[in-house]
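Residue-level listing of the chains:
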Amino acid sequence: MTTFVTGRDLGLRVCTHCRATVRAIRPAPARCPRCGASIHERKPHSIATTAALIASAALLYVPANLVPVMRMHTFFGEEDDTIMSGVLSLIQQGSWPLALLVFVASIVVPLLKLIVMTWLLLSVVRKSRGSALQRSKLFRLVEFIGRWSMLDVYAISLIVALVQIRSLATIRVGLGALAFGSVVVLTMLAAQSFDERLLWDAKAND
Amino acid sequence: MPDDLPHAVPDPPRRERLPFVWILPALVVVVAAFVVVEQKLAEGPRIDIAFLSADGLEVNKTKIRYKDVDIGDVTDIHVAEDRKKVVVTARMHSDASEYLVADTRFWVVRPRLAGGSVSGLGTLVSGAYISVDVGRSHVKQRAFQGLEVPPIVTADLPGREFVLHADDIGSLSVGSTVFYRHIAAGQVVAYSLDPGGASVTIKIFIDRPYDTFVVPASRFWQASGIDMSIDSEGIKLQTESLTSILEGGIAFQTLPSAARAKAAPAGTAFTLYTDRERAMRQADTEVRTFVLYFKGSLRGLSVGAPVDLRGIPIGEVKSLSVDYERDAGTLRFPVEVDIFPQRIRGRDRHHDHPLGMDETSDVASRALVDSLVAHGMRAELKTGSLLTGQKYVALDFHTEVPPERVGWDSNPAVFPTATGGLDEIQDSLGSIAKKLDRVPFDQMSARLLTTMSRLDDTLKTADKLVRQIDGTIAPQISATLTEAQSAMKNAAAVLGQDAPLQSDLGETLLELSRAARSVSALVDYLERHPESLIRGKPEDPK
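As you go down the protein sequences, you meet chains L and Z in turn. Under the numbering used here, the letters of the first sequence match residues 1 to 206, in that order. Under the numbering used here, the letters of the second sequence match residues 1001 to 1542, in that order.
Please keep in mind that the hints were generated in silico from the structure rather than gathered at the bench. There's no promise every hint is true.
Derived CB-CB ranges, DEER-like [to be verified]: (1) Z:1095 / L:141: 44 to 52 Å; (2) L:158 / Z:1004: 27 to 35 Å; (3) L:141 / Z:1140: 55 to 63 Å.
Computed far set for chain Z versus chain L, every beta-carbon distance over 10 Å [as the list claims (entries may be wrong)]: (4) 1005; (5) 1007; (6) 1010; (7) 1012; (8) 1013; (9) 1027; (10) 1077; (11) 1120; (12) 1167; (13) 1231; (14) 1278; (15) 1328; (16) 1472.
We put the beta carbon where it would ideally sit given N, CA and C, even for glycine.
Using the sequences provided together with the hints, build the complete structure.
See below:
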């Protein structure tokens, strides 16, 4: 079995800004001798920050799905639409592939992201050692997929801008859209603030 | 290689603290809590409204509106437990809670076509909504009974409500217009059959500026549709307005005598007359009823027909009936008439009140009626219009009637009648017919027949005679005539102007005249010289 060595094992640190590799010193707070940025062994408070962002995203996920994302005021009256009601009306109209796309992109993916991130965090906190590779792959998937979740927000902003026919039809953004957008942004930030190396640290510690 | 690596520069130690990011979930919680609390605060009470059907109502879509402002949303619709109603649950906005009082009314606004108006057209595309009329009560309420028909009058509409009593509803319906001088002044709000079913009570609402014209002496009448009446006064056609022709209506006016009276209080009851004439006529408060027994047929006489005194209506026929007289075993046909004595002004201007106005003058008015009857006043049936055959009762003085008296002892008093007009003609025609009936036409015709045959014989002999004359006498006559003709010619020749006889005669006459002159001279001379008769004519003195 091949053994992998990390910089930490060798007492080395990498400046995350100019990528200069330097020797670690004690006590911990240190700066990069080249660019002067702070040098940390791991991203500082990575777990706490990620946890906070995930928690916020999880909290916002509820109103994002319950509060209307779009308020359509037409000649025929007012209509509020949540993401789920949009999916349902798409199914009613028979365009179920589109409904599936919206459902997956807007409901399943953010939820999966939240679940995956939470699981990864927990695994790091509990220093679980198994399947670090899978976890790492999962994380990369989450990071990649994250940007596509904004599809809904993008569509809504387009529609709102386009459909502004006074008295006949106006569409306004609901609070739900804000919450939804926040969920997506927060999960992305969470993914960013999560230090992937933590996944492997437990393994290296044996 | 790694040995060449530089060392990191030490940094001054920083205090370990909770990362700043943790304020984010706290913020989210606070904002969410704020939004939820605000929504809870904005959420008003939950109310239940019962309707007969939920036609057009949709959960989470149908709004509750007051003066077209949203004040609530329908959150649930379900059938009531007894399955007779549909219960609509609505969540009201918090500021609408004070509208929810005992007499607040709810109704569904749908497109509606009623009478002359179309309403709720906007709901054709926007969908139905529930409208509210906020009551004035202070009693809070959460369960309501919805109206099936929009109320005509909302609580904030200025005006007053009045009650009308009528025999029947005519063509009126809820929403029918009430007119004042042809101006739409109000509407029929409700109507109901009185207990017992004998009459109808109609509630009307008169709008603000017009309600002051409703005074205790106001008269209401049906202006429903076209009022065409054919009576003894001819054909009459009356309408109030084009819409009232379609949907019926009520009109009111105040009697001229009471024009400046105070406005009647809300809820005052009035009688609804069938037509304007009847409404405005009933100014007569005092009524005297008489009964008339006519000999002839009463066909053409109807209840309400006028009783007129030389063309002036002073009363009307109240009822027509048939009485069986058990004692006499005959039928009588009493005609009851109402006479309005107020229409007959007293001659005595000092008192300046119509006859029979006060109770004490009862005896006096009886005496007056007695004296009128003694002077020959009788009631008779007359035909008012030959076209329609309608009759009326005419009061007039008759000179050649047997004396009669008013039957005061019966109630109502019996007023003597006379047969007149067509009845009289009918009677005399009847008697002529009877006389004709008595003529023995059968015998007459038999005799006539024999007479005719004799006449025929006579004519035959006459004919013979004529033929004889023709054969024998006629030629002779002809000869005689030719002779006569020649004789005449001779006469003409003799008598002609240039005939010798003529000139001879002329000369003779001339001679005669000369002779006469001579004789005259002689006589003259003799008169002057009578002695010459003896002595002869003396010699001329020359």
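Status of the hints after comparison with the structure:
no.: 1; hint: Z:1095 / L:141: 44 to 52 Å; in the structure: holds (51 Å)
no.: 2; hint: L:158 / Z:1004: 27 to 35 Å; in the structure: violated (56 Å)
no.: 3; hint: L:141 / Z:1140: 55 to 63 Å; in the structure: holds (59 Å)
no.: 4; hint: 1005; in the structure: violated (5 Å)
no.: 5; hint: 1007; in the structure: violated (5 Å)
no.: 6; hint: 1010; in the structure: violated (6 Å)
no.: 7; hint: 1012; in the structure: violated (7 Å)
no.: 8; hint: 1013; in the structure: violated (5 Å)
no.: 9; hint: 1027; in the structure: violated (8 Å)
no.: 10; hint: 1077; in the structure: holds (17 Å)
no.: 11; hint: 1120; in the structure: holds (14 Å)
no.: 12; hint: 1167; in the structure: holds (48 Å)
no.: 13; hint: 1231; in the structure: holds (58 Å)
no.: 14; hint: 1278; in the structure: holds (53 Å)
no.: 15; hint: 1328; in the structure: holds (84 Å)
no.: 16; hint: 1472; in the structure: holds (125 Å)
When each numbered hint is compared with the structure, violations occur for hints 2, 4, 5, 6, 7, 8 and 9.
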